[in-house]
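Chemist: Residues per chain, in single letters:
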Amino acid sequence: DSGVTQTPKHLITATGQRVTLRCSPRSGDLSVYWYQQSLDQGLQFLIQYYNGEERAKGNILERFSAQQFPDLHSELNLSSLELGDSALYFCASSVTSGGPADTQYFGPGTRLTVL
Amino acid sequence: AQSVTQLGSHVSVSEGALVLLRCNYSSSVPPYLFWYVQYPNQGLQLLLKYTTGATLVKGINGFEAEFKKSETSFHLTKPSAHMSDAAEYFCAVSVWGNTDKLIFGTGTRLQVFP
Chain A
172 DSGVTQTPKH LITATGQRVT LRCSPRSGDL SVYWYQQSLD QGLQFLIQYY
222 NGEERAKGNI LERFSAQQFP DLHSELNLSS LELGDSALYF CASSVTSGGP
272 ADTQYFGPGT RLTVL
Chain B
2 AQSVTQLGSH VSVSEGALVL LRCNYSSSVP PYLFWYVQYP NQGLQLLLKY
52 TTGATLVKGI NGFEAEFKKS ETSFHLTKPS AHMSDAAEYF CAVSVWGNTD
102 KLIFGTGTRL QVFP
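So the protein lines, in turn, are chains A and B.
In short: position in the first sequence from 1, add 171, done, that's the working numbering.
In short: position in the second sequence from 1, add 1, done, that's the working numbering.
Do not rely on the hints blindly, as some may be mistaken.
[Said to hold, decoys possible] Straight-line alpha carbon distances no greater than 30 angstroms define the calculated DSSO-like cross-link-like pairs of lysine-lysine that follow:
#	chain 1	residue 1	chain 2	residue 2
1	B	70	B	50
2	A	228	B	50
3	B	50	A	180
4	A	180	B	70
5	B	70	B	59
6	A	180	A	228
Derived from the structure by calculation, the hints contain no laboratory data.
Quick caveat: nothing in here was measured; it's all calculated off a predicted structure.
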C-alpha cells in the first residue's frame, strides 16, 4: 500500500458525459501527478500540481482539467467523454517538487470505461 | 527530449532462471532512471532508482540495475526468478529542467514458468 488513495476504483459511463476522479496523496506529500495508461498510448503524464498550483502539463486534452485543493487532495475532471478516453488513470504523489530524483508513489488507479 | 525504449514487450523465463529486462534511454542531460513494477489490477510500485553515485543500484525483491552511461542503458536483473515476479515492468526517466514528470517506456511483461 503506497498511501495514495484513489476513488472510485471503477467508473462506467457513456460518451458525452463528465466524470470526476479523486486522489488523496500520501500524508505530507505536496505534489500530485496524474497519468493515463491506455493500450495504445501506454503510460502518459497528464498534469502535475504542487501545493495547490499547477506546475506542469503533459499530454492533457482540453476536455480534461484538474485541481488541487487546500487539503492537497486532487481531482481530475474529464468531460465530453469519448470512447478513446477509456483507460486506467493513476494518481501519484511525492514529498516535494524538489526535482526529478523524487520518488513518485502511485495509487491503485481508477479504471474508466466509456460506452 | 527524453525517451525510454524497452526491448521486448514479453519476456518468459523458468523459475530459478536469470531475469534480464532491457531498458535504453535517450537524454542530452544526466538522467534519473527508475524501474517500476505493476502487478495485475494494481498500481505501480517502485523497484529501484538511479540518481547519482554508485551505478549499480539494488532494489526490492532481489532486483538490481546498472546504469551504463556509455551504453545509455539501465537494464534490470534478478539472479533467480520466482513465480511471484510475474508482472509488468516499466522503465522511466526524468531530468532536471523538464519538471518532475516521469517518461515511461512501453513496459515488459514478465512471465515465469514453473
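Chemist: Please go over all the hints and tell whether each is borne out by the structure.
Modeler: Right, here's what the structure says about each hint:
1. This hinted pair checks out: residue 70 of chain B and residue 50 of chain B have alpha carbons roughly 15 angstroms apart, not beyond 30 angstroms.
2. Proposed proximity of residue 228 of chain A and residue 50 of chain B is supported: the alpha carbons are some 24 angstroms apart, at most 30 angstroms.
3. Between residue 50 of chain B and residue 180 of chain A, the direct Cα distance comes to roughly 28 angstroms. Compliance with the 30 angstroms bound is thereby established for this hinted pair.
4. Distance hint between residue 180 of chain A and residue 70 of chain B is unfulfilled; the C-alpha atoms sit about 40 angstroms from each other, more than 30 angstroms.
5. Distance restraint check for residue 70 of chain B and residue 59 of chain B: the Cα-Cα separation of roughly 17 angstroms lies within the 30 angstroms cut-off, and the hinted pair is therefore satisfied.
6. With a C-alpha separation of about 24 angstroms, the suggested pairing of residue 180 of chain A with residue 228 of chain A holds against the 30 angstroms cut-off.
Taken one by one, the earlier hints fail for this structure only at number 4.
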